[in-house]
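Novice: Here this note's numbering is used: the first residue of the sequence shown is 1, the next is one more, and so on.
It is possible that part of the hints are untrue.
Said to hold, decoys possible - Cross-link-like lysine-lysine pairs, in silico, BS3-like; alpha carbons within 30 Å at most:
| no. | residue 1 | residue 2 |
| --- | --- | --- |
| 1 | Lys85 | Lys60 |
| 2 | Lys92 | Lys71 |
| 3 | Lys92 | Lys59 |
| 4 | Lys53 | Lys85 |
| 5 | Lys53 | Lys71 |
| 6 | Lys174 | Lys163 |
Treat the hints as calculated values from the structure; they're not laboratory data.
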Amino acid sequence: MLYFPIFLDLKGKECLVVGGGPVALRKSRQLLCSRARVVVVSPSFIPEFGFYKNLQLYKKEYQPYFCQNKKVVIAATDQEKLNEKIARHARKVDALVNVVDHQEMCDFIMPAVVSRGQLQIAISSGGQSPALAARLRRELEQSLPEETERQLAEAGEIRALIKEGVRDPELRRKILIKLGDLIKIREE
1 MLYFPIFLDL KGKECLVVGG GPVALRKSRQ LLCSRARVVV VSPSFIPEFG
51 FYKNLQLYKK EYQPYFCQNK KVVIAATDQE KLNEKIARHA RKVDALVNVV
101 DHQEMCDFIM PAVVSRGQLQ IAISSGGQSP ALAARLRREL EQSLPEETER
151 QLAEAGEIRA LIKEGVRDPE LRRKILIKLG DLIKIREE
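Based on the provided sequences and hints, a complete structural model is requested.
Specialist: Spelled out as structure tokens, the structure:
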């Protein structure tokens, strides 16, 4: 199956992660980065969960009512049958579902993402090798200088001026393409 990147606006939306291990933590962090309100349910949590004050942690066994009013539900337990049950409950309340390590049960996948301010580069192996996607994300992060965020903000300001000042759509398009070509990502 081929996936296309779609970015969801989850700002302020309530999302559920079920699981208390490293994978659940990684998924929770991704949701926090999207400014979602994240509820995490598990009978136990690895200590690193304590570093994230924005997570609502419930040290409980999963129950179907946890899916109520959630936009996104992520089943990240190490119990396959429980993950399947979570996915069924979530779909009954029209939540989007991600079941870790079971691509065929997912409504969406969560790619590895490189971020520099508003610039986001998503990397997905389509579930074939998440480890490779993670390695490529690390390599891209190292190759993009910190000033990329500043350059993007400046380009946005210039773009706004061009859109306001250049009425001819074709000329405006050519100028904006040239602007993109002028931005240097690396010092040569």
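Novice: None of the hints should be skipped; say for each whether it holds.
Specialist: Here's how the hints hold up against the structure:
no.: 1; hint: Lys85 - Lys60; verdict: holds (16 Å)
no.: 2; hint: Lys92 - Lys71; verdict: holds (12 Å)
no.: 3; hint: Lys92 - Lys59; verdict: holds (24 Å)
no.: 4; hint: Lys53 - Lys85; verdict: holds (28 Å)
no.: 5; hint: Lys53 - Lys71; verdict: holds (21 Å)
no.: 6; hint: Lys174 - Lys163; verdict: holds (12 Å)
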